[in-house]
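Asks: Chain order of the listed sequences is A and B. FYI, the numbering for the first sequence is 1 to 277, going by the working numbering. FYI, the numbering for the second sequence is 1 to 261, going by the working numbering.
I should point out that these hints are in silico values taken from the structure, not numbers from a laboratory. You may find that some hints are simply not true.
[Unchecked claim] When the alpha-carbon atoms are kept at most 27 Å apart in a straight line, the in silico BS3-like pairs for lysine-lysine are as follows:
no., chain 1, residue 1, chain 2, residue 2
1, B, K199, A, K26
2, A, K28, A, K5
3, A, K46, A, K84
4, A, K84, A, K239
5, A, K26, A, K46
6, A, K84, A, K5
7, A, K46, B, K182
8, B, K247, A, K46
9, A, K46, A, K81
[To be verified] Here are the in silico distance ranges between beta carbons for each label pair:
no., chain 1, residue 1, chain 2, residue 2, range
10, B, Q92, A, D105, 35 to 43 Å
11, B, E214, A, K26, 40 to 48 Å
12, A, R123, B, R83, 23 to 31 Å
13, B, R46, A, D21, 51 to 59 Å
14, A, N213, B, L9, 30 to 38 Å
15, B, R83, A, L23, 29 to 37 Å
16, A, G9, B, L9, 38 to 46 Å
Every residue, glycine too, gets a C-beta built ideally from N, C-alpha and C.
What follows is each chain in one-letter form.
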Amino acid sequence: MTDTKPFLGFGLGLRAEHYQDILERKPKNIDWFEILSENYMIDGGKPLYFLDAIRQDYPMVMHGVSMSLGSTDELDFDYLKQLKALIERVEPRWFSDHLCWTGVDHMNLHDLLPLPYTEEAVRHVADRISRVQDYIGRQMLIENLSSYITYCDDAMPEWEFLSAIADRADCYLLLDVNNIYVSSYNHHYDPIEYLEGVPTARVWQHHLAGHTNDGNLIIDTHDQDVIDPVWALYEETAKRFGPVSTMIERDGNIPALDQVLAELDQARAVAAPYYQS
Amino acid sequence: MARLRDLQLRFQDYLVGGSEAIETDITGTDNALAEHRLGTYYNAYRIRLIDCLAVDYSALEQYLGRESFENLALDYLRHYPSRHPSVRWFGQHLPEYLRTCYRGEEREFLQELASYEWAQTIVFDAADSAALFQLEDMAQVPPEAWPGLTLQFKSAMLWLDLYWNVPLIEHAIDSAAEIPEKQRAAQPQRWLMWRRDLKTCWRSLEVHEAWAIEQAANGVSFGEICEGLLEWIETDQVALVAAGFLKQWISDQMVTRVGNN
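Looking at chain A on its own, in the form it has when it is part of the complex (with noise of 0.2 Å):
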């Protein structure tokens, strides 16, 4: 593990609706962007125009959804092999992925399915991570999920698995603000415990994003503004983890860059108190 955390400042999720807005304004309060990884695995096109020009003028990070770390199938090296080849050629300042599996017997669920909570999943899965970072030549982050299922097997709280992972494995951490409230209401316990839980030295990077309640659950949905507890445990992590490359991930009801931007200065400015060098 590096002794440098790397800090990029405050970054947006990029999406094809700001494409043109961002080329022609290149707006400055926008330190870096982060791309979903699949998006861009394409031969050409719009997407990739894209890309290769914003990156011009901004800092990429690479996050992808389908690596499906935590399946008990094979490792997916054709698709490994393409994101290596996004890697280099987007040169990112890392790239990562969940701590999930999507699917089994060489299906694709499309959804980031949580893991057992145990011994067994942590030795699976670290050894997956500790192959794809010997297969793409560097370290990566893990996410944390937003879950709706607790499962019998369960034999750690959420943060104890993330953390064995990540020290098993040596990869660093995404730490996702509000996948940690929605399963700390999904799955009451208290996210100031779970903040607790995780070695401050592995947190590279944040996530920012609204959710759904639906009266039972919090469903995360990503397409509304972030709330006003997120915002809060979002201080909490200002204050215990320090300065950590943070940004607000947008995938639904997606509004005007301006109205994220607006979002993205909210963020800085909860966390400069403790972002003060």
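Since the structure of chain A is provided, determine the placement of chain B on it from the hints.
Replies: Below, chain B without anything else, positioned relative to chain A:
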């Protein structure tokens, strides 16, 4: 790992087919029973992939109406669950699947509409061409070389032979314009689709251009294409017509190379 694999298989069987065996693996709470918690995933799996199909087949969705489209998408999902890391490919078998769901002219129309929409997704992100052949480059081709000229077209170009006027219907739906009547021609019409800069373009081809572009794409020389065009064009006009096609294809940024074999 066997225990984890069994759990994942049970979970997947539930998501795909509704098998209830997974329920004993899940802990419920007073405010959200295990069944409700699992149902969140069950529903999300379907909604996500129906919505994905609705993006790729928006005209088909509007034509069928949301309810019929959802039913079609759910049936399709049962027959063609995604096996690709990218959801972008999930809908690739829908035109083929429609063959099994409808009969007669409606089947043919829906298949053609879906094929046309899927072709748009193919052209949208097909490989870029490193260099396009330009009209100015033609000036450097000596007259004696013309008969032997062969062409290479860019990847982001294809054609479809359609009985129905689905491109006009799709375009009208896409641009919220008045939708033309469905019309079936006695013979299929060839429609060309290609990407110019970043925009997907399309147009219909007359029968002799349809023939010529297929020959050119198969590596047939300019001279041989001129000979073949004599079936439709007078001898004294054929070179002019063929050169006109070539000029049009180059101007439309479809040609990557013109050379002699």
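Asks: Evaluate each hint against the coordinates.
Replies: Here is what the structure says about each hint:
no. : hint                         : result
1   : K199(B) x K26(A)             : holds (23 Å)
2   : K28(A) x K5(A)               : holds (23 Å)
3   : K46(A) x K84(A)              : holds (21 Å)
4   : K84(A) x K239(A)             : violated (35 Å)
5   : K26(A) x K46(A)              : holds (18 Å)
6   : K84(A) x K5(A)               : holds (23 Å)
7   : K46(A) x K182(B)             : violated (32 Å)
8   : K247(B) x K46(A)             : holds (26 Å)
9   : K46(A) x K81(A)              : holds (22 Å)
10  : Q92(B) x D105(A): 35 to 43 Å : violated (20 Å)
11  : E214(B) x K26(A): 40 to 48 Å : holds (45 Å)
12  : R123(A) x R83(B): 23 to 31 Å : holds (27 Å)
13  : R46(B) x D21(A): 51 to 59 Å  : violated (33 Å)
14  : N213(A) x L9(B): 30 to 38 Å  : holds (32 Å)
15  : R83(B) x L23(A): 29 to 37 Å  : holds (35 Å)
16  : G9(A) x L9(B): 38 to 46 Å    : holds (43 Å)
In terms of the numbered hints stated before, the structure departs from hints 4, 7, 10, 13, listed from lowest to highest.
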